[in-house]
Amino acid sequence: MVGNDIVDLDEAGEPSPRFVARVLAPAERERALGGGAKAVWRLWAAKEAVYKALARRDPELPFAHARFIVDAEAGVVRHGGHTVEVCWQERGAALTCVTRGGDVLSAMAAIDDDPGARELPAAARPSRAARWLARRLLGERLGSEPDELEVVRPSRGRGSRAGAPEVWRRGRRLDGVELSLAHDGAFVACAALVRPTVRPW
Amino acid sequence: MSDDVMTRVIKIIKPFAKNQEALAQAGGQTRILEDLKVNSARLVDIILELENEFGIELGDEDADRVRTVGDAVEVIAAKTTSATG
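Listed in order, the protein sequences are those of chains A and B.
The first sequence lines up with residues 41 to 241 when you count with the working numbering.
The second sequence lines up with residues 323 to 407 when you count with the working numbering.
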C-alpha cells in the first residue's frame, strides 16, 4: 500500500479555524497549536497520504479527515484498525508526505520542470507533470524509457472516485506497481511501490 | 429551486477552481476535483462555504458524497428539505 501528498506551503497559506476544526481531531489540534500553518499542513498531508493508501483496498472509504489520527512524533497515522508509518520531506515551499513500508520510491518536482507541461493550458499542467515525474522515476527503476510507460487513471463511473493510477508498459498493465500521484500549487510528487515480480525490461 | 442552488454552488466553487473554463461550462455531472481542478483541501473550504450559504450542517458522510456539482445540489436539497419538512 502506498500513498502520498504534497502541499505548496506558499499557496496553501493560513488554514481557517473552521478548516482546522473540521479536519483535525481534538488531540491533533492541541498539538498543532504552537506550530502554526505548517504544523496543520503536515498533518493534512499525512492524512491524505494514508487515505490514498487505504482507499486502494476500500475504494469507497470515506475521507473523514478527523478520523485519520496523526501521531507526528511517532510518524504514524491511525485509522480504524490500521497503523500506517509515514515520513515527511520539505524542499523550499514544497512539503510532501509518503507512506512507508516496503521499498517505496518517491520524488517531487516543480511543475515547470516538465518541459511538456509548459506547452499546455494551465489547468492541464499539474496532472501532466505528475505523470511525467512518475514515468521518469519508474523508468529508471524498471529499466524502461519513460516514453515506454503510460500512467492511466481509471474512471469508475459517475458517483465514484477515480481509481488509483495504473502503470502500463507497451500495452500491458503492470499489476505489481502501485503508484500514488499528488500535486498542489507549483509542485508535483509521486510515490511508487514496485513488487519484486515486476522485472526490469 | 435546483437551478438557483446550482448557480449558488458554482459561485461558491469559483474562487477555488483552477479550471475556470470548465467551470463556465459546468453542469450537474461536472466533477469538482478532476474536472474543475479543485484540490482536496480546497474542497473542505467549499463544504464549509456551502454550510454557511445554505445554513446547513454537512457531516463527514454528506461531505464525502459531494464529488460532482450535482452531488452538492442533491445533498443541499436533502438537507434543506429535511430541515423544513
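FYI, nobody ran anything at the bench for these hints, they're computed from the structure.
Check before you lean on any hint, since a few could be wrong.
In silico DSS-like pairs for lysine-lysine, Cα to Cα no more than 27 Å straight-line [what the hints assert, rightly or not]:
#	chain 1	residue 1	chain 2	residue 2
1	A	LYS78	B	LYS401
2	B	LYS401	B	LYS333
3	B	LYS336	B	LYS401
4	B	LYS340	A	LYS78
Bear in mind that the values here come from a model prediction, so they are computed numbers and not experimental data.
These are the hints, each one checked on the structure:
A threshold of 27 Å between alpha carbons decides the hint, and for LYS78 (chain A) with LYS401 (chain B) the separation of about 34 Å lies outside it, so the pair is violated. Between LYS401 (chain B) and LYS333 (chain B) the CA atoms are separated by roughly 19 Å; this keeps the pair inside 27 Å, and the hint holds. Only pairs whose Cα atoms come within 27 Å are accepted, and LYS336 (chain B) paired with LYS401 (chain B) is accepted, the gap being roughly 22 Å. Of the supplied pair hints, the one linking LYS340 (chain B) and LYS78 (chain A) holds, its CA atoms being roughly 23 Å apart against a limit of 27 Å.
Comparing the model with each numbered hint stated earlier shows that hint 1 is the single one that does not hold.
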